[in-house]
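Take these sequences, add in the hints, and give me the full structure.
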Amino acid sequence: MQGFINNYLIEFGHVATFTAFIILLVQASAPWLAGRLQSPALARSGIMASYIVLILMTIGGATLIHAFVVSDFTVLYVASHSNRELPLLYKVTALWGGHEGSLFLWAWILTAFTCLLAFQGKRLFPMRLPVMLSVQACLTLGFLGLILFLSNPFERLLPGAMAGKDLNPLLQDPGMAIHPPMLYLGYVGFSIPFAFAMTAMLTRWETTLWIGLIRRWTLFAWTMLTVGIMLGGWWAYYELGWGGYWAWDPVENASFMPWLLGTALIHSITVQENRRMLQTWNLFLAISTFALSLLGTFLVRSGVLSSVHAFAVDPGRGLYILLFMGTVLVISFGLFLAKGRVDTQREAMSSSVSREMLFVMNNVLFTVLCVLVMLGTLYPLALEAINGAKITVGAPYFNATLIPFFFLVILLMGIAPATPWRKVNLSRLWSRLWFPVVAGFSGIAAMYAWDDKAHWFAYVGTGLVAFVLMAMLVDFFRNASRRAKQNNENIISAWLFLVKRNRRYYGGMFVHFGVLIIAIGMIGSGLFRSEQVVLMAKGDVLEIGNEQLRFDGVKQFKKDNYFALQGQFALLGTDIVIKPERRKYPVQEAPTTESGIDSSWARDVYIVIGEVVNGRYSVHAYVNPLVEWIWLGGFIIVFGIGWSLSQRMREKKVHTAGVVKQGSVA
Amino acid sequence: MGKAWWAIVPVLVILFGLLSYGLTSNPKHIPSPLIGKQFPIIEGKDLNGNSVTLGVIDGKPTVVNVWASWCAACRTEHNVLIRGARRYGNNISLVAINYKDELANAKRWLNQLGDPYQWSFHDLSGRAGLELGVYGVPETFFVNKQGIIVEKISAPLTDAQFAAGVELMNK
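Sequence order for the protein chains is H and G.
FYI, the numbering for the first sequence is 1 to 666, going by my numbering.
FYI, the numbering for the second sequence is 667 to 837, going by my numbering.
Heads up, a few of these hints could be off.
[What the hints assert, rightly or not] The calculated PhoX-like cross-link candidates involving lysine-lysine, where the alpha carbons are at most 25 Å apart (straight line), are:
(1) K558/H x K711/G
(2) K811/G x K726/G
(3) K773/G x K811/G
(4) K837/G x K711/G
(5) K766/G x K584/H
(6) K669/G x K559/H
(7) K579/H x K538/H
(8) K726/G x K837/G
(9) K818/G x K837/G
(10) K500/H x K485/H
(11) K669/G x K339/H
(12) K766/G x K818/G
[Stated by the list, open to error] Sample of chain G residues facing chain H (criterion: CB under 10 Å; computed from the structure):
(13) L689
(14) R741
(15) K766
(16) W775
(17) Q784
(18) W785
Hints in this document: simulated from the structure, not taken from any laboratory.
A quick note: this is a predicted structure, and the numbers were derived from the prediction, not measured.
C-beta: ideal position from N, C-alpha, C; glycine also.
So, in structure tokens, the structure goes:
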């Protein structure tokens, strides 16, 4: 009986997924059928359909996970991506360790979002919901079509394989296990603003009536994408063993582009909520952000660009995704060009310097950044198409072109929150900003005093960070002391009261603060790191940065599904021993390196142990200053978004009234 | 819509042009440095314990296929090899390197799925694979009558690739 169940469970999941495909066909056509047949009940069926589809997809996903957990090697996908020896956690996460399963996860998450949308829409916009669910259903169909007909994770291998091929050892890491789902939550999350935009254009629904509703969806998607990107960097740093966290790899860029436009969207939504401007622009951003999410999926899944994310694919799948993406983009941008002007009223900019103008500048900057990333990512392809040359565009291009624009973004982060909506009184703005400006110049001076031969990025970066931090402090004192005076409180409790009441504004401020912390980490680790490659015998001492490392030989042992060779490095002056490893996974044959890291807030000592040459080991050592601040900044950003989203009740009033009482940042 | 928005159209056209071009070119296709070189001579045992030697020319062009019973992709490839052996068997030799595999598993595989090979070099330690720069299974080498490697495919073989490889060997 047990064997029978195990044998047919996967077929059950396959059938469930196929059934979901058929129901989605109905859901996609429901609004049009309802119009034809004059049957409003049919239009409402989309809601129930979205629940059923989620249940069916969950059955499909659960049977796949079950096949991994029991190591059912009659499933081709399991046989190619798992192994009996694999720890349980990685057996489960192996679901998205390959092409077919990743796509399945994409579609699965999409159906979950659709379900949530149906739940929200039932109450808030029942008339528009069928069209919106139809848009979502079309997107899901596109992915399920690919899954069921071209890259099917349910495909059987009969008779079954003797043993599985094992999961790529690089993916056997906790950070990597949750990195793909986080990215997908972000990519897929942006489908909701997209569905709103499409529905608005199809049904002439004024953006002002729904723009407040997509803010939460967008923030959520943006946060997940941020976490996904950070985890990718974290994984690269701890697992890949080259001492860095970001390489401007095409696939990294693919996730960074929607992030940049998503950031622009978050800010422009706020402008429209407050000032009823930028309606058309917001439609464009909502479409483009999702379009870039699709592009990201295409770049990763088609193998068009060479990248560390080497996924083997056949051209049929690439062609399918390209055609699908082409259809989505032609329809959505075509609709935009034909019917993009859904709002009748608009408000013009009332003054040259105002918060809305600075927000517009923010949007221009983020769009330019996105275009620059796209140019760098696609340029090798263009060059190859023109003259056949194979090149890669690397960090020098991206650092030289992007970082100056990021500096401008940081500058705006200091000025915009101090600037009121509509019109600014310049002398009052100066009274808020002169002290931060002094702090900024002091930052530059301090940096110069500490090191007068650094890259100019170091001085400008430090100055800007000091400027914005001081602007935040001034803002904090100004608001808190005003309240403290009125209520006779002490300044800290007054500020805490404000933070608790105006969560949206202070949530945004926490996010900005997190970004500054990340900027500090990047200035430190990007511009001031030390690096050495040496051959070391037992007893040798290496001096690097301000640290001294003594090599005390290696240990060898077997653990789980791998063999390890572990170097022992004593950090002199402490009792810390740093233990980098080289692992060998017998089934996959591929060796991996586990860097040994000693972390503190000031610096990471990062060691990679390599091959043995004449009894001496090749050792690659780095001292990376302030790198831990980057991860800390990530946590602060997530906290800030959570804080901003926790303003539930006030939010509901806001989107109906279209007015926010206090200034909001995002 | 305002005129400026129509700039979307050329942007999309260029984007799709580039991406469709990208689909037709393969960024990972780097020709093997072994192509044009002599196939190395490696002595060892086959699955039945008989002495065999890789790289000795028996007057026919030789296809050397690297496989393992733990390799799921090899299974789909297996039918291609069986068809290929049937079609070209009189004019070519098809031999194999059984790569890092348990003897019992390898034999069971050939019993179940059929054995298209004249013999399989049992490369338990992977030393033949090392000499040939094998970095993933399956891989296939096409060697001409003079013992020169004329083509190497580092992926499951297709019927078309098999035919093209045979043509190259006979040139």
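Hints, verified against the model:
no.	hint	result
1	K558/H x K711/G	violated, 30 Å
2	K811/G x K726/G	holds, 5 Å
3	K773/G x K811/G	violated, 29 Å
4	K837/G x K711/G	violated, 31 Å
5	K766/G x K584/H	holds, 15 Å
6	K669/G x K559/H	violated, 64 Å
7	K579/H x K538/H	holds, 14 Å
8	K726/G x K837/G	holds, 13 Å
9	K818/G x K837/G	holds, 16 Å
10	K500/H x K485/H	holds, 18 Å
11	K669/G x K339/H	holds, 14 Å
12	K766/G x K818/G	holds, 20 Å
13	L689	holds, 5 Å
14	R741	holds, 6 Å
15	K766	holds, 7 Å
16	W775	holds, 8 Å
17	Q784	violated, 24 Å
18	W785	violated, 21 Å
The structure fails hints 1, 3, 4, 6, 17 and 18 (numbered hints given earlier, in ascending order).
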